[in-house]
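*Asks:* Now for the letters of each chain:
There are 2 protein chains.
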Amino acid sequence: MLSKTNIIEEVNNIEQLYVYKKLGKINNNILSVVQVANRSLDFHVHEKSDELFYVIEGKFNLETLEGLTEVKEGEFIIVPQNTIHRPIVKKLTKFLMIELEGTLNKENSGDLYED
Amino acid sequence: MLSKTNIIEEVNNIEQLYVYKKLGKINNNILSVVQVANRSLDFHVHEKSDELFYVIEGKFNLETLEGLTEVKEGEFIIVPQNTIHRPIVKKLTKFLMIELEGTLNKENSGDLYED
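Here the protein sequences come in this chain order: A and B. Each residue of the first sequence is one higher than the last, beginning at 28 in my numbering. Each residue of the second sequence is one higher than the last, beginning at 28 in my numbering.
Derived by calculation from the structure, the hints in this document are not laboratory data. In this text the structure is predicted, and so the values were computed from the model without any measurement. Incorrect hints may appear among the rest.
As the list makes no split between identical chains, a pair holds if one copy fits it or if it spans any two.
[To be verified] Here are the simulated lysine-lysine pairs, PhoX-like style, with alpha carbons at most 25 Å apart:
#1 K52 to K31
#2 K117 to K31
#3 K31 to K49
#4 K31 to K75
#5 K117 to K48
#6 K49 to K99
#7 K117 to K86
#8 K49 to K75
#9 K99 to K117
#10 K118 to K31
#11 K118 to K49
#12 K48 to K99
Pulled out of the complex, with its shape left as it was, chain A reads as follows:
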């Protein structure tokens, strides 16, 4: 039997900030949830994958060389492959992330991505 997943329950069950919890895989793209607060990453690119940020709760700024886009609860933004970007998170924000398997690591994910 196929199993279903509740996104809000999964993200709320994570006990630590910056820990990505994998929820599933679709066509080699990983779906994961993470809670983040008070963290900005350095500018970086993903050379092999687009990246989707969906805000389950809270808000953040996605910065590119063209400026900032504020992304709020219920909104997603897709960063195309090879686009220089960084997320800027102030208050607690809960994310659903989608990117190709193998894209995230400790350097570009904020902290504790567990492969």
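Assemble chain B onto chain A, guided by the hints.
*Replies:* Leaving out everything else, chain B in the frame of chain A:
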């Protein structure tokens, strides 16, 4: 500047049932939203793609040869490539769908998928 998308606004702005509205593309997977009511599809497979159903509002049953899984608001289910399945929708339900570009057509999507 990258643009962001509000999922609930997009699905609520669709004026007809069974019309898929494309919201974006991530690694060749299409994100689309659709409103469905009172429609069951025939059993079918997608030979080249997994398929994700996320319920924005409402609920439906996903039937496989192993039985039914009820998927409710806030939940998603991923149907692996080549899995025989069909969605059964009674009352109005609003979906976010993800699958590889070129997967959906009039026969397997319910009606009016516009490529």
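*Asks:* So, for every hint listed, does it hold in this structure?
*Replies:* Right, here's what the structure says about each hint:
1. K52 to K31: both (12 Å within a copy, 23 Å between copies)
2. K117 to K31: The answer is between: 19 Å across copies meets 25 Å, while 31 Å in one copy does not.
3. K31 to K49: This pair counts as both: shortest intra-copy Cα distance 13 Å, inter-copy 23 Å.
4. K31 to K75: Answer is between; shortest inter-copy Cα gap is 21 Å, intra-copy 29 Å.
5. K117 to K48: within (21 Å within a copy, 32 Å between copies)
6. K49 to K99: both (22 Å within a copy, 20 Å between copies)
7. K117 to K86: within (8 Å within a copy, 34 Å between copies)
8. K49 to K75: The answer is both: 19 Å in one copy and 23 Å across copies each meet 25 Å.
9. K99 to K117: within (12 Å within a copy, 31 Å between copies)
10. K118 to K31: between (30 Å within a copy, 20 Å between copies)
11. K118 to K49: within (23 Å within a copy, 31 Å between copies)
12. K48 to K99: both (21 Å within a copy, 21 Å between copies)
Taken one by one, the earlier hints all hold for this structure without exception.
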